[in-house]
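Novice: Each chain, letter by letter, is given below.
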Amino acid sequence: MRRIAVVESRGYRQVHTLELEQDRSVSVGRGWDNDIVVDDEFVDAAHLALREGAAGELLVRDLGTGNGTRLGRGRLSGERACVDGCRLTLGETVITLHDATADIAPATRFDTANSLARRFASPLWALPAALLAAAALFGELWFQSAKELRGADLLEAAAMLGALALLWCLIAGIVGRVVRHRAHLGLHWIALCTIAAGLFIAIAAANLLAFNLDSAAINRLIEPATQAVAVFALCLTFLTLSLRVRLRWRLAGSASLALIPIVFSLAVPAMRDAHERWSPIAYRDVTAQPPGLLFITPGSVDGHFERYGGLFRELEGAANDGKRDAGPMRDDPAAGRARPVSARD
Amino acid sequence: MERLALLASRCALRVGRSFVLSVLLSLAAVLAPSMSVAAAGSSADFSDDYDQVFQIRVVSSLAGGKSSIGSGFQVTADGRLVTNYHVVADFVDDPDRHRITYVTGEGNTGELQLLDFDVVDDLAVLKHPAPAPDHFALARRAPDKGETVHALGNPGDWGVIMVPGPANGLVEHRHEQRLLFSGSLNPGMSGGPSLDANGEVIGVNVATAGSQLSFLVPVAGAQALLERNRALAHPDYDDEITTQIKRWQRARLAPLIDMPWPREEFNGRDVFGEIRKDFQCWGASNEDEDERAVTRIARACRTGDDVFITGDLELGHIRYSFLDATPERLNPFQFANAQAGVHMSEDNPSAFRHSTEYRCESDFVQPPQPSVRRYDRLVTCIRAYKRMPGLYDSLHTVLSVTEGRVRRAYLSVSAAEPDQIRALNRRFAEAAL
Numbered sequence: 001m002r003r004i005a006v007v008e009s010r011g012y013r014q015v016h017t018l019e020l021e022q023d024r025s026v027s028v029g030r031g032w033d034n035d036i037v038v039d040d041e042f043v044d045a046a047h048l049a050l051r052e053g054a055a056g057e058l059l060v061r062d063l064g065t066g067n068g069t070r071l072g073r074g075r076l077s078g079e080r081a082c083v084d085g086c087r088l089t090l091g092e093t094v095i096t097l098h099d100a101t102a103d104i105a106p107a108t109r110f111d112t113a114n115s116l117a118r119r120f121a122s123p124l125w126a127l128p129a130a131l132l133a134a135a136a137l138f139g140e141l142w143f144q145s146a147k148e149l150r151g152a153d154l155l156e157a158a159a160m161l162g163a164l165a166l167l168w169c170l171i172a173g174i175v176g177r178v179v180r181h182r183a184h185l186g187l188h189w190i191a192l193c194t195i196a197a198g199l200f201i202a203i204a205a206a207n208l209l210a211f212n213l214d215s216a217a218i219n220r221l222i223e224p225a226t227q228a229v230a231v232f233a234l235c236l237t238f239l240t241l242s243l244r245v246r247l248r249w250r251l252a253g254s255a256s257l258a259l260i261p262i263v264f265s266l267a268v269p270a271m272r273d274a275h276e277r278w279s280p281i282a283y284r285d286v287t288a289q290p291p292g293l294l295f296i297t298p299g300s301v302d303g304h305f306e307r308y309g310g311l312f313r314e315l316e317g318a319a320n321d322g323k324r325d326a327g328p329m330r331d332d333p334a335a336g337r338a339r340p341v342s343a344r345d
Numbered sequence: 346m347e348r349l350a351l352l353a354s355r356c357a358l359r360v361g362r363s364f365v366l367s368v369l370l371s372l373a374a375v376l377a378p379s380m381s382v383a384a385a386g387s388s389a390d391f392s393d394d395y396d397q398v399f400q401i402r403v404v405s406s407l408a409g410g411k412s413s414i415g416s417g418f419q420v421t422a423d424g425r426l427v428t429n430y431h432v433v434a435d436f437v438d439d440p441d442r443h444r445i446t447y448v449t450g451e452g453n454t455g456e457l458q459l460l461d462f463d464v465v466d467d468l469a470v471l472k473h474p475a476p477a478p479d480h481f482a483l484a485r486r487a488p489d490k491g492e493t494v495h496a497l498g499n500p501g502d503w504g505v506i507m508v509p510g511p512a513n514g515l516v517e518h519r520h521e522q523r524l525l526f527s528g529s530l531n532p533g534m535s536g537g538p539s540l541d542a543n544g545e546v547i548g549v550n551v552a553t554a555g556s557q558l559s560f561l562v563p564v565a566g567a568q569a570l571l572e573r574n575r576a577l578a579h580p581d582y583d584d585e586i587t588t589q590i591k592r593w594q595r596a597r598l599a600p601l602i603d604m605p606w607p608r609e610e611f612n613g614r615d616v617f618g619e620i621r622k623d624f625q626c627w628g629a630s631n632e633d634e635d636e637r638a639v640t641r642i643a644r645a646c647r648t649g650d651d652v653f654i655t656g657d658l659e660l661g662h663i664r665y666s667f668l669d670a671t672p673e674r675l676n677p678f679q680f681a682n683a684q685a686g687v688h689m690s691e692d693n694p695s696a697f698r699h700s701t702e703y704r705c706e707s708d709f710v711q712p713p714q715p716s717v718r719r720y721d722r723l724v725t726c727i728r729a730y731k732r733m734p735g736l737y738d739s740l741h742t743v744l745s746v747t748e749g750r751v752r753r754a755y756l757s758v759s760a761a762e763p764d765q766i767r768a769l770n771r772r773f774a775e776a777a778l
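Here the protein sequences line up with chains A and B, keeping their order. Numbering-wise (our numbering), the first sequence opens with residue 1 and increments by one. Numbering-wise (our numbering), the second sequence opens with residue 346 and increments by one.
Treat each hint with caution, since some may be false.
[Unchecked claim] Here are some of the chain A residues that sit facing chain B, going by a computed Cβ distance under 8 Å:
| # | residue |
| --- | --- |
| 1 | W142 |
| 2 | D214 |
| 3 | F312 |
| 4 | A318 |
Think of the hints as simulated: they come from the structure by calculation, not from any bench. Ideal placement from N, C-alpha and C gives every residue a C-beta, glycine not left out.
Please construct the entire structure, taking both the sequences and the accompanying hints into account.
Specialist: Okay, here's the thing in structure tokens:
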């Protein structure tokens, strides 16, 4: 005899525990006479049978239903073995089967969002998170802006961030309500405040690093890299708190969305080459810092002049690669009209 | 200065761009001094000369229409015509898609052949297939100051007109030579002759700055071009332009590199002012703004001469500027962020079609006197011209930052050779640090 836990989920989740015996199958269906009654109009009165096989494995069988059953991604036909944690879809209902002979915990364990909610969803955390974000915003404006800091600017920035956070919470709330039947708004707020504060600090640190390294390649990288980190953090938060998706899918989804700013930063120079140049910028610093924050030892003036002397050689090659009008138009004799003549003609 | 050929829709563009540039540099607008126009009372008879001025047209083979028009005149019995280089620049830029034609006063028309040109003097020699018996004679002298000359040309399609006015000697603040002429030259008169009282050509109409301020190329340039007696083939045009620009740059940059650069006081230190006659400087500051967060004092200097190559390519500028900034209401971080960053953009944005992208090198360098709360930075950006091998543009910034002050010096050199750029940048950096 073995005990299984059946987690039935159509919106709300319900956990049933059953005991299986080899000579007796357990039935799942809409009818009241089933062992597990599923309230789903697309499920047959008698839909699914579960039993223990000769080797102790768990076997599932569709009872010839109109809408059928899916085991994982494939259609369930005949009697099939079902491993621990397998997923069956009947009608609009998903049921997951867990072996609960030793421990029922895997079936009833909290997911990340639930754990986080129990731990952090309280004003005790929401308030400090908001204060942290406000402090980081003030620091960002104080240390990183290029103009005088006025109360109105601070207010405007705070209002803007607050509005964005509210919009986020609204969307996350709706999605969370529909998918999880719980919005976790407090958690969204705390996560957003923490991510914003972390980003402000990360941007300041990256700028300081870029200033000291003084490399054009790093300057080009910093903006898309920061954007990618921000997108990743925001997506992971959203997917974790509003949807019910496995960790690897959450990570993969967030990572693929985080690629967008990186791909865009790579694509723009390529598009620029293909068309006309968009920007007349020859050189641009990300930010500059006061002299006290330069930690590297400066080089010599001679060193600079030697280094940029190499640019002439590099450019000579680049200029020859792209010589204008080197195509056949110029060499086509039929196209020439104004043939030069000797001055004595 | 506006050149006088009617380059389809381009004149307005060039004027517009230079206007925007001057606003961007926030330099005081320099008003051209108004010239009093001398009444042109001349008894000489020029009536025959009108018929000897041609309208020169560059016709686009694809569009079939005129891409530029100007004037020209025959100077030898074998049918050689003189006009401005910029009148036929579209043809030189793309000979396969253009041809050069003439139209006489009677409406006769035909095709002309380009024999030679000089981009620096802005002159071109064309060949007429059926020379007229009469032609203009070139004077062997320059006009005296105040001598009345008569400029002939065909402004637009209305017919040949004559504009009398005094010649005022050579223009200052330019390295290449132009005669200042107090008469209203108009678009289309480019390449027309300016005659002295004997009816001899003493200059070729070339450009105007408006309000009776016009410019002529001294006739000596045309004389030299005719004596050279060459017939260029069009695959050689790019090489010829390159050679001419290099020769011109050597003649004006080598003495500049060797000569002492006199210093002038600027905000409590010595920087460069008008180091030679062909440079002009302007100064500006925002000290009269009460609400300023940063006090900025600037001096900007530049040469007056760029050489016109095509509608979107002018070469040869040298610009340098100095900017001192001190914070009024910014903390050190905000001040550094606002003033100590390096943001260099192209100094000749339209030239990008003819050049590679800029490549830059940036370095923090030891200041001459080591100091704890100060850093110095050199940033140099270079790009190469594709059709003119060996010519490069350079942007060079020297930055000196302390907590209470940012000093910035900037040098931009167009279409020079590597050794010239290195020498100028080096000299500039050493003086500015």
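Novice: Against each hint, give a clear statement of whether it holds in the structure.
Specialist: Status of each hint after checking the structure:
1. Interface hint status for W142 of chain A: upheld, as the beta-carbon distance to the closest one in chain B is roughly 7 Å, under 8 Å.
2. A distance limit of 8 Å between C-beta atoms decides the matter here; for D214 of chain A the minimum to chain B is near 6 Å, and the interface restraint holds.
3. This hint holds: F312 of chain A has a C-beta 4 Å from the nearest C-beta of chain B, less than the 8 Å allowed.
4. Annotation: interface hint on A318 of chain A holds; nearest CB of chain B at approximately 5 Å, less than 8 Å.
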